[in-house]
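Sequence order for the protein chains is Z and S. If you read the first sequence in this note's numbering, its first letter stands for residue 337, the second for the next number, and so on. If you read the second sequence in this note's numbering, its first letter stands for residue 201, the second for the next number, and so on.
Since the hints were made in silico from the structure, they are not lab data. Note that the coordinates shown come from a computational prediction; the quantities given were computed from them, not determined experimentally. Treat each hint with caution, since some may be false.
With a straight-line Cα cutoff of 20 Å, these simulated DMTMM-like cross-link-like pairs (lysine to aspartate or glutamate) come out [stated by the list, open to error]:
no., chain 1, residue 1, chain 2, residue 2
1, Z, 620, Z, 588
2, Z, 578, S, 436
3, S, 203, S, 341
4, S, 368, Z, 521
5, Z, 712, S, 436
In case you want the letters, here they are:
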Amino acid sequence: MYKFRKFLRALPAKLFLLLALIILFSFFANDFALVDIQKTAIILAAGVDRTEGGFRVTAQIAVPKSGDRTAGGTSGVEIAGEGESVAACFAQIYSKTGWVPKLVFCNLLLLGEETGKEDVLPCLDYFLRNEYMPDSCLVAVCAGEAGEFLSSKSAIDDLSSGAAQSLFSDAAEKSGRVMKCSLKEFTVGYFGASGSSYTPFLRRIAAEGERNAGGGSGGSGGSGAPQGDSVYSAAETAIFQKGRMVAVLPPEETFAFALLKGRVFASAFDVEEAGETVSLSILKNSGKVAFTAKGAPQAELSVTLNVRLAGRDTPATVGEIARSIPSPAVLAAAEDLLQARLTALWERCKSAGCDLLHFARTLQRNAPKQYAQYGKQVLSLTRVSVKARVHAVK
Amino acid sequence: MNKIKSRQLYLYFLAIAPVGKLVLMPTQLAVYAGNDLLFPAAANIVLQSAVIFFVMLLARRNKSLYALVEARLGSIAGKLVCTLFSLFFLYAALLPLLEQKLMVQSVFYDTLPSTIAFAPFFLLSAYLCAKPLSSLGRAWDVLAPLSIAGFSGIVLLSAGGADFGALKPVFGQGGWGFLRGSAYTMSWFFDSALALSFLGKVEYKAGMAWKSALCYLAGGAAVLLFLALFYGTFAEVSVRQLFAFTKTAKYFSGVAVLGRVDYLFIFALALVMAFYCALPMQASVDCVREAFAPKNRILHNVLAILVNAGLLLGLWLLNFDFLSTSTAIAKTLFWIFPVFTVLLPLILLAFGRDRVQVS
Chain Z
337 MYKFRKFLRA
347 LPAKLFLLLA
357 LIILFSFFAN
367 DFALVDIQKT
377 AIILAAGVDR
387 TEGGFRVTAQ
397 IAVPKSGDRT
407 AGGTSGVEIA
417 GEGESVAACF
427 AQIYSKTGWV
437 PKLVFCNLLL
447 LGEETGKEDV
457 LPCLDYFLRN
467 EYMPDSCLVA
477 VCAGEAGEFL
487 SSKSAIDDLS
497 SGAAQSLFSD
507 AAEKSGRVMK
517 CSLKEFTVGY
527 FGASGSSYTP
537 FLRRIAAEGE
547 RNAGGGSGGS
557 GGSGAPQGDS
567 VYSAAETAIF
577 QKGRMVAVLP
587 PEETFAFALL
597 KGRVFASAFD
607 VEEAGETVSL
617 SILKNSGKVA
627 FTAKGAPQAE
637 LSVTLNVRLA
647 GRDTPATVGE
657 IARSIPSPAV
667 LAAAEDLLQA
677 RLTALWERCK
687 SAGCDLLHFA
697 RTLQRNAPKQ
707 YAQYGKQVLS
717 LTRVSVKARV
727 HAVK
Chain S
201 MNKIKSRQLY
211 LYFLAIAPVG
221 KLVLMPTQLA
231 VYAGNDLLFP
241 AAANIVLQSA
251 VIFFVMLLAR
261 RNKSLYALVE
271 ARLGSIAGKL
281 VCTLFSLFFL
291 YAALLPLLEQ
301 KLMVQSVFYD
311 TLPSTIAFAP
321 FFLLSAYLCA
331 KPLSSLGRAW
341 DVLAPLSIAG
351 FSGIVLLSAG
361 GADFGALKPV
371 FGQGGWGFLR
381 GSAYTMSWFF
391 DSALALSFLG
401 KVEYKAGMAW
411 KSALCYLAGG
421 AAVLLFLALF
431 YGTFAEVSVR
441 QLFAFTKTAK
451 YFSGVAVLGR
461 VDYLFIFALA
471 LVMAFYCALP
481 MQASVDCVRE
491 AFAPKNRILH
501 NVLAILVNAG
511 LLLGLWLLNF
521 DFLSTSTAIA
531 KTLFWIFPVF
541 TVLLPLILLA
551 FGRDRVQVS
């Protein structure tokens, strides 16, 4: 009886605590993240182009696929807004649709080619400051206008942004053919001592006939763009200095850059040996940029690969196809090829004035006094050597 | 027995107190001390642990803050000191509350929810304020493992993406950066003042002073580890990364495949933070209750309701003034914190020493 009375005395407090915990849980749970899609524009990708008066933002908004109910999936609609700022563009999108633009699912920020030629931070600042926008969102530059790119029809996906993002998978990155970059990585590079960043450079290619669209000529407005379904390529890399796109690395230099980063695995590249093409498969890659400021600044770009023979373009005997170890001549040719590509990469960065390999950052971190002395001229003062080592996996 | 166990006290210093330093303090440190953010934080941690050591020496007297002052300076002085500390705890509670509210609204919601959405927190804190400290002590038993698991999870997921080279050059920001970083983050270090409010409510054990200080240092080391991870992850853009502990783990490569698994750990730490935020409010109510009506339960409950209603109103009024409020607390009025967390505890220690008995 005493225990029951004690229980009854404590009951109101316990019920109060229970109620408080339930309501508190509902606060933390955000209504279990239910989204009213009738009132919300779920933005999957945003394209930013500069206009004479400011910016044009094209938002690819997810809409449930109509028609075949069993197929499910998502399709998209592109809505553009113009204004003096990116925020004003989104406000216009809101006023056009009546849907609250929601950036929490935005995984791709696309910048038009012309937009990239001026400092892109004003385009990205809104997204960087937005607490509801994931800064793991990927940034890319495309040939022509971003709005046109997002509105293009993909041959492999219902959404152009989905097709573009599939180029940035981990597997694609490990192939060394794509250098993806998130909003966070881009801005860390922008504000760092080197002031350099990079993004993939996207091109549209006609799905049939594979006619090159844009062609790197820098023309905006999509002249020469394929009219039908497209596939996309991200084999080139746009490099930035202080937020301004200063050059585009061709696929070979993009590959060399990926090797320097040491990210390549299970990829293949071709080497010429006595007029014969030999394919080598990369099983292990390590890359390093060693910078030293003792005396005159020097840097060594080194890449080490462990490779296996992946194929030849000439008929071979049964005995030869059993061998997967490349010959010393092939390995030497591979080393020459990689050294040439690394040199080309460095020369392009130097001529564009882009500290892509972070010499200034390394100098600032390890030798602040020297950085204060000649940090701004580090690109022109640094003597660079390249070294490529290719080993056969036995 | 309305006293907290020594174990619960150690768990608080080790695993609960550090959680409050993981939200906005890393950003604030990055603003003022840049890549040297570890040094001002370490200075504040060492200072706090030293004061906690001295405060806990008083615990063996088994007297509350009010009783200690009253015994030396009389009841009026006791009431005055307790009222001052009560007001200080209310003031100190503001920043953690604002942090917690904004963090939940920004991280767990994908558009800004209404202001009133945070109100349920005050139901829980009102309950905790109306209860003795021993209730919170039992909560710490449960929350400490949760905090350790949440923190470990975030550290493990964040470690791979951090570039610790960003912390170089060491002491590149100079003495001015160190001083500003130390001063403007003092508002996150009021644990020694809270330790004063624990006096008389802790079961004293031999070695409690140095064990408390050591646990605080261990928790502080965890904060320093997180700060290094934070700056290693965001480098120069750390200054824009609010709600630090919710940000670092999302770059873990598995997140792309599994989704935001780091939310499990963030959720755990957010829950611990809710109880951490309630502690200064509880201490505020306790100080007044002890000084004016230690046995009056009705007054205790009324005070708990008034404090929570007042802070709810304050938070509602300051809803769109977070920046100016946090600047006022952390920057303009930063000196209030060392007065209550260092100066007054040391003065009390000097007054509270045992008199030498001469026979």
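Checked hints:
no.: 1; hint: 620(Z) / 588(Z); result: 19 Å, holds
no.: 2; hint: 578(Z) / 436(S); result: 14 Å, holds
no.: 3; hint: 203(S) / 341(S); result: 14 Å, holds
no.: 4; hint: 368(S) / 521(Z); result: 18 Å, holds
no.: 5; hint: 712(Z) / 436(S); result: 18 Å, holds
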